[in-house]
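Colleague: From first to last, the protein sequence lines are chains A, B, C and D. Taking the numbering used here, I'd label the letters of the first sequence as residues 1 to 348. Taking the numbering used here, I'd label the letters of the second sequence as residues 1 to 348. Taking the numbering used here, I'd label the letters of the third sequence as residues 1 to 348. Taking the numbering used here, I'd label the letters of the fourth sequence as residues 1 to 348.
What the hints contain is simulated information worked out from the structure, not anything from laboratory work. This one's a predicted model, so the numbers in the text were calculated from it and none came from an experiment. Among these hints, one or two may not hold up.
[As the list claims (entries may be wrong)] Each pair of labels, with its calculated beta carbon distance range: (1) E342/C to D105/D: 44 to 54 Å; (2) G271/B to A204/A: 26 to 36 Å; (3) G207/C to D105/D: 34 to 44 Å; (4) K38/B to E282/C: 18 to 28 Å; (5) E67/A to A204/D: 57 to 67 Å; (6) P76/D to D54/A: 37 to 47 Å; (7) A107/A to A188/B: 44 to 54 Å; (8) D54/D to A259/B: 56 to 66 Å; (9) E190/B to A204/C: 37 to 47 Å; (10) R35/A to R139/D: 43 to 53 Å.
All C-beta atoms in this analysis are idealised placements derived from N, C-alpha and C, irrespective of residue type, glycine included.
Number of protein chains: 4
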Amino acid sequence: MISAGIVGATGYTGVELLRLLAGHGQVVVTRVTSRELKGTAVARHFPNLRGHLDLDFSAPDAAALGECDVVFFATPHAVAMHSAARMLAGGARVIDLSADFRIRDIACWEHWYGTAHESPELVEEAVYGLPEVNRGQIRDARLIAVPGCYPTAIQLALLPLLENRLVDESRLIADAKSGVSGAGRKAAAEYLLCEASESISAYAVAGHRHHPEIIQGLEAASGGEPVTLTFVPHLTPMIRGILATCYAPVRDRDVCNAALLQGAFEQRYAGEPFVQVLPPGELPATRGVRGSNVCEISVSYLESAAMAVVLAAEDNLVKGAAGQAIQCMNIMFGWSESEGLEGIGLLP
Amino acid sequence: MISAGIVGATGYTGVELLRLLAGHGQVVVTRVTSRELKGTAVARHFPNLRGHLDLDFSAPDAAALGECDVVFFATPHAVAMHSAARMLAGGARVIDLSADFRIRDIACWEHWYGTAHESPELVEEAVYGLPEVNRGQIRDARLIAVPGCYPTAIQLALLPLLENRLVDESRLIADAKSGVSGAGRKAAAEYLLCEASESISAYAVAGHRHHPEIIQGLEAASGGEPVTLTFVPHLTPMIRGILATCYAPVRDRDVCNAALLQGAFEQRYAGEPFVQVLPPGELPATRGVRGSNVCEISVSYLESAAMAVVLAAEDNLVKGAAGQAIQCMNIMFGWSESEGLEGIGLLP
Amino acid sequence: MISAGIVGATGYTGVELLRLLAGHGQVVVTRVTSRELKGTAVARHFPNLRGHLDLDFSAPDAAALGECDVVFFATPHAVAMHSAARMLAGGARVIDLSADFRIRDIACWEHWYGTAHESPELVEEAVYGLPEVNRGQIRDARLIAVPGCYPTAIQLALLPLLENRLVDESRLIADAKSGVSGAGRKAAAEYLLCEASESISAYAVAGHRHHPEIIQGLEAASGGEPVTLTFVPHLTPMIRGILATCYAPVRDRDVCNAALLQGAFEQRYAGEPFVQVLPPGELPATRGVRGSNVCEISVSYLESAAMAVVLAAEDNLVKGAAGQAIQCMNIMFGWSESEGLEGIGLLP
Amino acid sequence: MISAGIVGATGYTGVELLRLLAGHGQVVVTRVTSRELKGTAVARHFPNLRGHLDLDFSAPDAAALGECDVVFFATPHAVAMHSAARMLAGGARVIDLSADFRIRDIACWEHWYGTAHESPELVEEAVYGLPEVNRGQIRDARLIAVPGCYPTAIQLALLPLLENRLVDESRLIADAKSGVSGAGRKAAAEYLLCEASESISAYAVAGHRHHPEIIQGLEAASGGEPVTLTFVPHLTPMIRGILATCYAPVRDRDVCNAALLQGAFEQRYAGEPFVQVLPPGELPATRGVRGSNVCEISVSYLESAAMAVVLAAEDNLVKGAAGQAIQCMNIMFGWSESEGLEGIGLLP
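The shape of chain A in the complex, shown without the other chains (with noise of 0.2 Å):
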C-alpha cells in the first residue's frame, strides 16, 4: 500500500478521484487539502463519500504531502507550478490533472493560461499522460501532466487517422460536446441549472485554451506534419460526458473505404484497456461510459463527400480527468494499468 495525497480536493475531479482511490487495492488517501475547507469532514462536503472516508480536509504543506508517495494535484491551473517541485523534492511522485506542464511551448502556455510559468524546467521533465500514446515513457515518470478532457477525447478521435496518413491534417474539425461538470464546481451564473439545463451553446469559438494541447498531439501523431484544426466546445445540458464529432477529409478516396479505416483504428487500439472501438454500425452515447474510464470510438466513412467522422465518448471526469490519471499511476507504480478502474459504469 502506498499513500497519496490529493492538493484541492474540492471540486470534482477531486471527488472523483477520491472515489475512485477508495476502491483501488493499493493507495490510501492520507492527506486532502483545501485551504477553505480546512477541518471539515471531507465526507461533509461530498455526501457520496460518508461512510467511505474518514478524513478532514488540511491546508496544504508542500512537506508533508512530499512524504506522500504520489501527490495529484487536482487544483485551477497555476497552482500545480508553485509547489510540485517541493513535493518531488520530498520523494513524491506528482500527477498534475491541470495544465501547468501539458504544453511544452512555455511561450504559448503563457499566451494562453495569462501568467508567467514559474517552472520551465519541470514542464521539460514532465510526461504527458496519455497512456495510449506514452505508456513507456509514463513508466519512468516522476511527473505527469495528465490530458485535458476534451485533447483525451479528440487526440484518441484523431491519432489511427493520422499516424497513418489516411487524412488531410491540414482540414481538421473537432465539435465538441461537453457536460456542465467539465466547468468544474465554482459558483458561476451561467452553470446554474436554470442557465444552462434546456438549452445548448457553443463558447470560446474564438480559441479555447485546449487547443494547443490538442495541437501538440496531433502533430506528433502526423510525425512533425503542422495540423489545422477548428475546434468548437459546446457546453451540453447534462451533468457527465464529452461526445467528440471528428471531421477528417481522407487523403485519397480512391482507396480509401469503410473497413480501411475501421481497422485501423481496431488495430491501432488492439489490447488497449480503455479504448473500445465500436462494431461498424453502432454509435458511442456518453450515457455508456458514465463513471467509466473508457473511450467508446466509432468511425464511419462518407464516401460522397470522402469524409471520415469519427465519434468519441468519454466520462469527462474519468478518462477525461481523474480515471486517466490513475490510470497513469498504475503504470508509474507497476501495477495491473486497470487497478481501481473496473468499475462499470452507471446506466441508466
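Got chain A sorted already, so can you dock chains B, C and D onto it with the hints?
Modeller: Then chains B, C and D, alone, in the frame of chain A:
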C-alpha cells in the same frame, strides 16, 4: 377571421400550432383531427390548452376539412400526399408540415421515404415555405411545404455564404444538435427520459432524410453549383431547440475577414422579422429562442484555418415547424408576417 | 397607456415581468434599474428580449421612478421598504414582489428576515395581492404585497377547505416541490446544474420564511381560528413550477365525500380566471402551466384515512410572482383582469 | 464461486443486477434470459456492460435455470409465481424482485394485481427481504421477496418510530418522490423525456400497489396495531432516486424532543451497513446515494406541530431493488453482507 383545420394534431407540432393559433387574431381553429383520439377533448390531451380551446378531436374528413380556409398537416410523412388534393379541390389552402412536398426530385423522395409518391403533380405546384428565400412565391401559393427543422437552421446559416460565393461549397459541414421533441411524441424506448437525458449521441451518420432537402436549398443558393455537405445530427438532452454549428472553408483567404462575413449576414437578413444576426462576439444559445419564432445566428471567422463558423439556434417546434407554418400562412393571406408570432421566448 | 418601472430586474422575476409586460396592451416599460448592470442593454442580459425591448438598465432613482404610473419591485427583501414611500409620494402605485409588506405582524417579519422593518406604516396600508381573496381591496390599493410562490399555491389549495370548515385546521401538512428558479439567479454552488439536477431534497425543514405568511392567510380563511401547518419545501430538478401536495384530515368523516369536496372547490373558484379546478380523476402536473398564470388544482378524498389530498400546480415565476403582480395591476387600473396574461403555457 | 441466472433482464433492474454482480467476487452470471432478445449479446443491449459481460440473452428455460445456485427474477409481476417452484425444485435459491411473494394476504394481492395467484404456498414460505427487519430469516430462506422501492424507503423511515411507539400510527403520511426509472424501461408516452422532464406530478393518489405492502410491514413493526397511512407517490424529473418525506404526529408531546427521536434512529440502525442516519441538521438528497446501496435518513422534530418529519433517500434501483437483492443473497450464502455493494455513489 378565417377557419383552420389541423390534421393529425396529437403530436408536438400539433400542440404548438394550437398554442400559436390561439393567440392569432385572424384565425379560428374549427377542426382538429385524430383517428385515435376522436371524441376526446383536445384540452384533455394537451393540458396547457385547458380553458383556451373548447374542441374535440374528430375523425379526419377530407370534405369537411376542404371547407376550412386553410388546412395544416401535422402528420408523419406519406399522409398529406393522399388527401391534400381533395382539400385543395374543396377550396382550402394547404400548409403541410411533413416532408411530402419538400423535395422536387420524386425519385429521391421515394428513395429516402421508402414509398411511392402519390401526388407528384402537387410536388411541382408546392412552394417551399422558407420565407427568407421564397416570400414572393409563398404569397401566391395554394400549397406550402414547410421546411424541416434541421433544414431551416442549416439553410439560414449557410445562405449568405453561398449566395455571395464566399465559401467552398464542396466542403461544407453541419454538426446539428436537436432537442428530443424533434423525434415527436411517439413512445419509443430511445426517447424515454431514462435513455435520452444525461447523454448526447449522434445518429443517422450514414444519411438522414433531411440531407437531400438541405442540398436542394443550398444548391439553389449557389446558383446551381453542386454542394457537398457532411451533415451529422445529434440527439441532445433537452426538450426543445436546435443548434446547428456549420463549418465552411472560405474561398479566398486573402480577402476574407470577420467584418466581411458579418456584413454579409447583416445585409442578407436586414428587415427579416425572424432572423436575428447577433453582434460580433455574441453567440446564440437555444434557450434564447425557446418558444419564439426567431432564428439567432452568429458568424465567426477563424483566420488560421480560413474557416467560417456559423451558429444558428432555433426552436425546432416553432421556427423549425409550427411557427414557420404560421409565418407562411400570414404571407399567403396578406396579414402582417408576424401576426400571432410576437410572443417572447420563455427564459429561464 | 401607462408607464411602468421595474426595480432590480436582473433576476428571473424581473425577466418574467418584462416578458409579460411586453405583451400587455396598456403598459410601456420606461425604466428598468440595476445598480450593477447600469448602462447595459436589457436585451443583452436576457437574450429572449432581443428585438422586443430597446432599453438599458439605469441606476435606481427614486424620483424618476416615482414619475412612473406603476413601479414593480423585483428585488430581494429589505429593499422595497427603503424606497417605496418615496415612489408613492411621487404618485406611483407600487407593486412589491418581495416579502417586505406581506406580513402584518412586524415583530414576526423582523424575526424571519433578520432586520428591522423601516416602513411599518406601509405594512398597514399594503394590500396582500391574492386576487382570489382580496380583489376588492386590490382595486383601491396604492401598495400591493404580492404573495410568495409557495404561499400562493398552498393558500389556493387550502382556502375552500378552511372557509367551509371541512377540515381540522390544527393538523395540516403542505409538502411542496419547487423548481430551481425559485432560488433566483444568484450564483450559489447548490443551484449549479451539477448539484441541483438529477436529485431531489428537502430544505428548511425546521422553518421557512414563507411559513408565517401562509399561516396569516390560512387563519384569516378559518375565521381567526389558529392554524397548525407542517410545511416542507423541496428543491426539484427542473427550472420552473411548484407542486404543493396538501394533506388535510376532514373534520367529519360521516358527512364528507369526494363529491362534497369537489363541489366546494368548484364553487369557490367559479369565475376565477386563473384557478382551474380539475375534474375528478385528473391530477395536475407543473408542465401543464409552464409559462401561464393558471393555478391548477385537484382535490381527492381518501376515505379510509378520512383525508383530503389537494394538489396545486403553478408556475412559480408567473402565478407565483410576475403574473400575479400583473393580475393585481390589471385590477388596480380597472382593466380586464387577464390583460397580458392570456398566453398559453409552453408544452412540451 | 456460485452461478447465477437472471430472468427478464432487459429492464433497469436487470442491468443494475448485472452491473453489481460483475463486481461481486463470489458470483458468476451464467444465464440471462429474455424471450424477446434471445440470441442478442447482453452488452449490445446495455452499452455500459461492453467488455464486462460476454453472454447472450437466452430463452427462459426453467430446468436450466434450476441448475443455477441462485436465480433472480427481474420480471414484471405475475411471472415468478409461474416458474419459481420449478427452479426451487431444481435446487436453486430464488430471489424475486417483483411483487409476487411480498404480500401474505393472497386476496389482497389478487385485488391489487388483478390476477389469481398461482403459488400461494410459496407466499407462505417466502421471506420478505428487508435485512434490517428479517436478517435471521433471510439467512435460512430458499425464496426471497425483495421489497418494492417505495416500501423500502418508507419502512426504513418509519420503523424506529413505530417500534418504539413514539408516534400515532393512525395518522401517518408518506409523500414520496421517485425518479422515472421506477417506471421501468417500457416505452410509454408519459415517460418520454419530453413528457417527464421539467415537470413534477403526483399519481395513483387513489391507491398504489405498494400501499398494502407498506402497511403489512408497518403493522408488524407496530406489534400488530392497525396502521393508517396516506401515501402519495410523485413522478420526479430525474433518472434515479427516491426521497420519501414522512410525517408522523408524536404520541406524547410532553416527552418527545429532537434528541429522543435522533437517538431512536441511531440506536435502531447502529451497525446496519446500508442505513445511514444523518447527524442532526443534515438532510439527505438523492444525489448522495446515486448508484450506492445506502439509504440515508434524517429525522427532524417540529415542536409546534408535535410532528416528526423523516426523510429517507435511496437509489430506487439499488437499495430499492438490485442492491437489496444482492444484500439478501450475501446473507443467504453466508458472505459479507456488503460484498459487491461497496461501490461509492456517483457524484456529481
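Colleague: Could you run down the list of hints and mark each one as holding or not?
Modeller: Hint by hint, here is what the structure shows:
1. E342/C to D105/D: 44 to 54 Å: With Cβ atoms ~53 Å apart, the hint holds.
2. G271/B to A204/A: 26 to 36 Å: The hint (26 to 36 Å, Cβ to Cβ) holds, given that G271/B and A204/A are roughly 32 Å apart.
3. G207/C to D105/D: 34 to 44 Å: Taking Cβ atoms as reference, G207/C and D105/D lie about 42 Å apart, which means the hint holds.
4. K38/B to E282/C: 18 to 28 Å: The hinted range 18 to 28 Å holds for K38/B and E282/C, with Cβ atoms some 20 Å apart.
5. E67/A to A204/D: 57 to 67 Å: For E67/A and A204/D the Cβ distance comes to about 59 Å; the hint holds.
6. P76/D to D54/A: 37 to 47 Å: Given about 42 Å between the Cβ atoms, the range holds.
7. A107/A to A188/B: 44 to 54 Å: At roughly 53 Å between Cβ atoms, A188/B and A107/A fall inside 44 to 54 Å, so the hint holds.
8. D54/D to A259/B: 56 to 66 Å: 59 Å, holds
9. E190/B to A204/C: 37 to 47 Å: 39 Å, holds
10. R35/A to R139/D: 43 to 53 Å: 50 Å, holds
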